[in-house]
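S.K.: In case you want the letters, here they are:
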Amino acid sequence: MKLLTRTNIYFLILTLLVFSLGGEVFYKRLHAINKADADERLEQEKERVLNYVKTNQALPYNTVLLGDSVAFLPVNGTKEEKIGHFKTYNKLEKEYESYQTITFNVALANQAYQAIIYRPLLESDDLTAGIAEAIAIIACCLIIVLLVSNFVISKIVWLPFYKTLEKIKLFDLIKENRIEFDKTNTMEFKALNDVLESMTTKIVSDYGSLKKFTENASHELQTPLAIIQTKLELLIQSENLSEKQIEDIKAVYDSAGRLSRLNQALLLLAKIENKQFAKTQLVEVNELIERKIEAFDELLKHKNISVEKHLSPVSLMMHPALADMLINNLIGNAIKHNINGGRLTIRLTEKRLSIENTGNPLTTSPEDLFQRFRKNNNASDSLGLGLAIVKEICSEYLFQVDYKYADGIHIISVRF
Amino acid sequence: MKVLLIEDEKQLADSIVSYLEGEGYNCEIATDFNSADDKVQVYDYDCVLLDITLPGGNGLDVLYHLKKRKPDASVIIISAKNSVDDKIRGLDLGADDYIVKPFHLSELNARLKSVIRRRNFAGSNEIVFNEIKVDTNSMIVTIKGEPVVLTKKEYDLLLFFMSNSNRVITRESIAEHLWGEEMDGIDSFDFIYSHIKNLRKKIMEKGGADYIQTVYGMGYKFIKK
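Going down the list, the protein sequences come from chains A and B. Heads up, the first sequence is in the working numbering, so the first residue is 1 and it goes up one at a time. Heads up, the second sequence is in the working numbering, so the first residue is 1 and it goes up one at a time.
Bound-form chain B, shown alone (with noise of 0.2 angstroms):
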């Protein structure tokens, strides 16, 4: 999978790259508008993440170049701007998603990894972590074949976990995954336990691994065994 970051601060990009390398992603990073714009004429990529403030020009504009060269492409606008009006322009230029900064990379990495699922996968849309498979599309949950029922909150909890398998998580990236900003200044991590343990449950009920590790002071990791 190869994603383009459109990102001045080389800090963030590094943080950036770094994790989703991690994921198994091969990075390439630009720094300004024209290296950006340049690029996206050029080559393609299975997800462009693209600042709108950049150097020498406005993110924006780049979208609208790639958009029309490839009318397909995914993309992630990552702005600062927590503008609607930026958020409405960018999306009406085929942005697949937008994200505000400061964002948790596990955030970004679930979103990218929807982008690219959306996108590439039209028609049937399967995640498979050894026994545990989800169906994006109907949201139906199997274990050893069995379907499983869970919530709303559990099944995005879960989607969250399998992207960012192996990952420390942090109490706080959950619960803005899960509730977003509504919850904001709100104490949420304890129906966050209880959510998590209702989860841990219901798949080792079906016979299932416990998966879900407590990272102490921390979060969770959901890990590969």
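So that you can see chain A by itself, here it is in the shape it has in the complex (with noise of 0.2 angstroms):
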């Protein structure tokens, strides 16, 4: 929901409330203040009459009254005086009608009376319909006026607010090396500007320094690492080693290469993940399929694999260097776990890739293949790495891999 349509909802409720309110006191005060008026009047012409009586000595008629209905009783003594209220039955109009009366006495030579005037009161029913018309339109008008000005306002004042939400969502963390936004008056928004852009420079640096970190990282395991292989490499050039020693010489040589290759592979991974790839450029995928292809002939005659290509020319925007490591790594998994004899097919189209080679059913649960250092033979000298960077490099570009196998046949497909 819209701020603008909760704060209009908000606004709507709370109109209607303090119009009905307002409505109801409104009515009760116009009935009071009528009635007050109509007792005013009523005394007035309490002594109107008196004084009628008393210079004319005789009952008056309607007419000094003003249109206010006048009736005498005749009376034995004095009654009590009083104000009153009285409601009759109109059949006419039917409806009730109001009256304010007024009782007191009137004393002629021969005769007492009892006088009552009858004041008509604003009927009840009118009030209630005239006022609640008016409020109605009162009402209408201000919600009109109301939700035109705050839509407008709105656009004006959230201005700035949606400026920066623009300059958010375009913010690159790669590309760019502050965010800079547009200077506001507005006190809270100017806020939220300042807090986003330390954020954001943090954000910045943070990102740096993490870069840094893994090129040191880097750095500074591969020195040691070149030198313990550097002086294996010198130390089997010595002439009278025993066979022992040469197995142990070699045995150290292996780990070091192993530690060297898995450094680089945590590397490239913590590298993609840094989003230090973003480059991308249009990587022609049948060319580069037939490339790699080419480049494991070797192996594949070794392992007398078939292969069947179904390739038709997709282009996708990616870093040249992934998508080399992408293909390698598929291809490479899929001979390397291969049966002698097998067969290799890959088939591209525009919406995906699918690798499918023979093998012999996995060991571990097809959910651990994308995972690191998960391996189908634990026994293997690979890292178990290959298909965690072909994860990874999908995740990357949004790319979605799964693995399925029947019938002897392992199929790995990438959707694009």
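One or more hints might be untrue.
What the hints assert, rightly or not - Derived SDA-like pairs: lysine to any residue, alpha-carbon spacing no greater than 25 angstroms straight-line:
#, chain 1, residue 1, chain 2, residue 2
1, A, Lys303, B, Lys87
2, B, Lys87, A, Ala321
3, A, Lys303, B, Leu178
4, A, Lys391, A, Thr345
5, A, Lys271, B, Lys87
6, A, Lys169, A, Asp206
Said to hold, decoys possible - Here are a few chain B residues that face chain A, going by a calculated C-beta distance under 7 angstroms:
#, residue
7, Glu9
8, Ser15
9, Ala80
10, Glu172
11, Ile192
12, Tyr193
13, Ile196
14, Gly217
15, Met218
Stated by the list, open to error - Here are the in silico distance ranges between beta carbons for each label pair:
#, chain 1, residue 1, chain 2, residue 2, range
16, B, Asp190, A, Ser255, 20 to 28 angstroms
17, B, Thr214, A, Pro361, 31 to 39 angstroms
18, B, Lys2, A, Ser315, 42 to 50 angstroms
19, A, Ser315, B, Arg119, 37 to 45 angstroms
20, A, Ser315, B, Ser194, 33 to 41 angstroms
21, A, Asn340, B, Glu131, 52 to 60 angstroms
22, A, Ser255, B, Ser194, 25 to 33 angstroms
23, B, Thr214, A, Ala251, 12 to 20 angstroms
If you're looking for bench data, these hints aren't it; they were derived computationally from the structure. Quick caveat: nothing in here was measured; it's all calculated off a predicted structure. Ideal Cβ positions, reconstructed from N, Cα and C, are used throughout, including at glycine.
Since each chain sits alone in its own frame, please combine them into the complex, following the hints.
M.R.: Below, the structure is given as structure tokens:
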């Protein structure tokens, strides 16, 4: 829900609440004023009647009373004087009519009377309807004005916010060093911009130091590894090594080599995660596959693997090194886990790349296949990072990679 | 042949020097930016092996100064950073090759020889090893004057052996030399063996001697008899 819609709903509810309460108060107040006014008039009329009687020593006609009705009832003695209320049903108009009454004593020489003056009040139904109508009109006008002005004002007031939002949306950690927002006078947006600015600056600098760390880690580890490897290489040049010594040196040499490959693979994963392969260019995947098949030619022949290719021309925006690695690892994997005399089928369409190879069933669960350091065969020499790298590259470009096994055929497919 | 090795890690520098001196090179070492920069300004070398990360400055600046003074100087960058950007910058500045730590000494040696060969013998370019002659321009191999037809891999293998003659060369370094990182993690020793078998056979068919010796558990050695 948009902020504007939300505030409008609250405005609407509040307006209706205020106006209905206001209407009620208005009605009561008006009613009271009307009654008080009637009472006052009745008192005046009473005075007038008494004056008339005093002067003329006769009962007045209704005319002195400006439309209010007066009734004189002959009584004995005096009765209680009071102001009262009277309601009657008007059959003609089919509604109740309210009257305010005043009762007082009039004494002529020969007869005492009880005088009652009736003054019609504004009918409460009419009053209610009138007030409701007036309030409804005012409320409608107010709501319309409110909505329109709200819409217009929020467009103006919220403009810096939307500008900021747009800036953040377009912010690219790899390309930009810092983010700069437009100046605004609104305190809240100023605060928001300041916070965002310092946050992005911090992120950028942290990202930078992380990148530095990756590089440094690489340097720090590769150098000792290089020393170990070169020292061993010199050592094996020695003439009179015993068989046992050679075996030991070989074991150290192999481990150093393995460590070095491991380090490089982990660094690669870190670099992909840190988006250090941000540059992309159009890579012709079908040609890349052809080249890789060519490079693996010996290995394919060695294992007597027959290759079947169904490649349509496909170009993807990728970093060339990552594209190379992706295809290399996929094909390499399909050869490595193939059987002697097996098959390798590569299908490439605009939508997907699938690599199918014959091979023994997995001994581990397929879900683990793309995890780091998961190997189907623990004794094998592989690092268990090949498919983890494939997965990392795929997630970098939002490709979906999955694995299937059916009838002795492993299928790894990548959906672009 | 005079080689300047610019490398701040003493142990690594010692290994490299030890190997290269065995190949008959005269090596000098510079261990920091200033001494490296001074040396390349004053002396001439057949090749400079340059580490990019140096105490006191960036190795690429040394390269820049060297190339300004002597545009045809041969330089191989030795870097711990396997970074594409660094590689491109180094090669743009005029480096001849780029090798990433950790590397095999045999590989460094082969590349050094290749760089020096390209510089020194513009035109005819022949390596002779007893009766074996290799023209690295036309990639033609002759034994006792008779051409031998080798596959690309066999040719690379022969050249690698000849560059590192009388040295024990591990199977790992051969695999990396022939296939680079492409075959990473793939058990490639079986077809190293078959390549070597074929190469040996082809050399001997043309009357060459059997130079390739298997070093048990380790690799091979190309022996000058």
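S.K.: Each of the hints needs a verdict: does it hold here or not?
M.R.: Here is what the structure says about each hint:
Under the criterion of a C-alpha separation no larger than 25 angstroms, the hint pairing Lys303/A with Lys87/B is inconsistent with the structure, at around 35 angstroms. Taking the CA atoms of Lys87/B and Ala321/A, the gap is about 13 angstroms. The hint holds against a cut of 25 angstroms. Under the criterion of a C-alpha separation no larger than 25 angstroms, the hint pairing Lys303/A with Leu178/B is consistent with the structure, at around 18 angstroms. Restraint check for Lys391/A and Thr345/A: satisfied, since their Cα atoms lie roughly 20 angstroms apart, inside the 25 angstroms limit.
Annotation: proposed proximity of Lys271/A to Lys87/B holds, straight-line Cα distance about 16 angstroms (limit 25 angstroms). At roughly 20 angstroms between alpha-carbon atoms, Lys169/A and Asp206/A fall within 25 angstroms of each other, so this suggested pair holds. Hint on Glu9/B holds. Least Cβ distance to chain A is approximately 5 angstroms, under the 7 angstroms limit. Against a cut-off of 7 angstroms between C-beta atoms, the interface hint on Ser15/B holds, since the closest Cβ of chain A lies about 4 angstroms away.
The restraint placing Ala80/B at the interface with chain A holds, with a minimum CB-CB distance near 4 angstroms, inside the 7 angstroms limit. Because the smallest distance between the Cβ of Glu172/B and any Cβ of chain A comes to about 5 angstroms, under 7 angstroms, the interface hint for this residue holds. The restraint placing Ile192/B at the interface with chain A is violated, with a minimum CB-CB distance near 10 angstroms, outside the 7 angstroms limit. The interface hint given for Tyr193/B is violated, since its Cβ lies 10 angstroms from the closest Cβ of chain A, which is over the 7 angstroms cut-off.
Evaluation of the Ile196/B hint against chain A yields a violated restraint, the C-beta minimum of about 13 angstroms exceeding 7 angstroms. The restraint placing Gly217/B at the interface with chain A holds, with a minimum CB-CB distance near 5 angstroms, inside the 7 angstroms limit. At its closest, the beta carbon of Met218/B sits 6 angstroms from a beta carbon of chain A; the interface hint therefore holds under the 7 angstroms criterion. For the pair Asp190/B and Ser255/A, the beta carbons lie near 21 angstroms from each other, so the given range of 20 to 28 angstroms is met.
For the hinted restraint 31 to 39 angstroms between Thr214/B and Pro361/A, the CB-CB distance of approximately 37 angstroms keeps it satisfied. Between Lys2/B and Ser315/A the C-beta distance comes to about 49 angstroms, which sits within the given range of 42 to 50 angstroms. A C-beta distance of roughly 39 angstroms is found between Ser315/A and Arg119/B, which places it inside the suggested range of 37 to 45 angstroms. Look at Ser315/A against Ser194/B: about 37 angstroms separates their beta carbons, and that is inside 33 to 41 angstroms.
For the hinted restraint 52 to 60 angstroms between Asn340/A and Glu131/B, the CB-CB distance of approximately 39 angstroms leaves it violated. About 26 angstroms separates the C-beta atoms of Ser255/A and Ser194/B, a value consistent with the hinted range of 25 to 33 angstroms. Distance hint check: the CB atoms of Thr214/B and Ala251/A are about 19 angstroms apart, consistent with the given range 12 to 20 angstroms.
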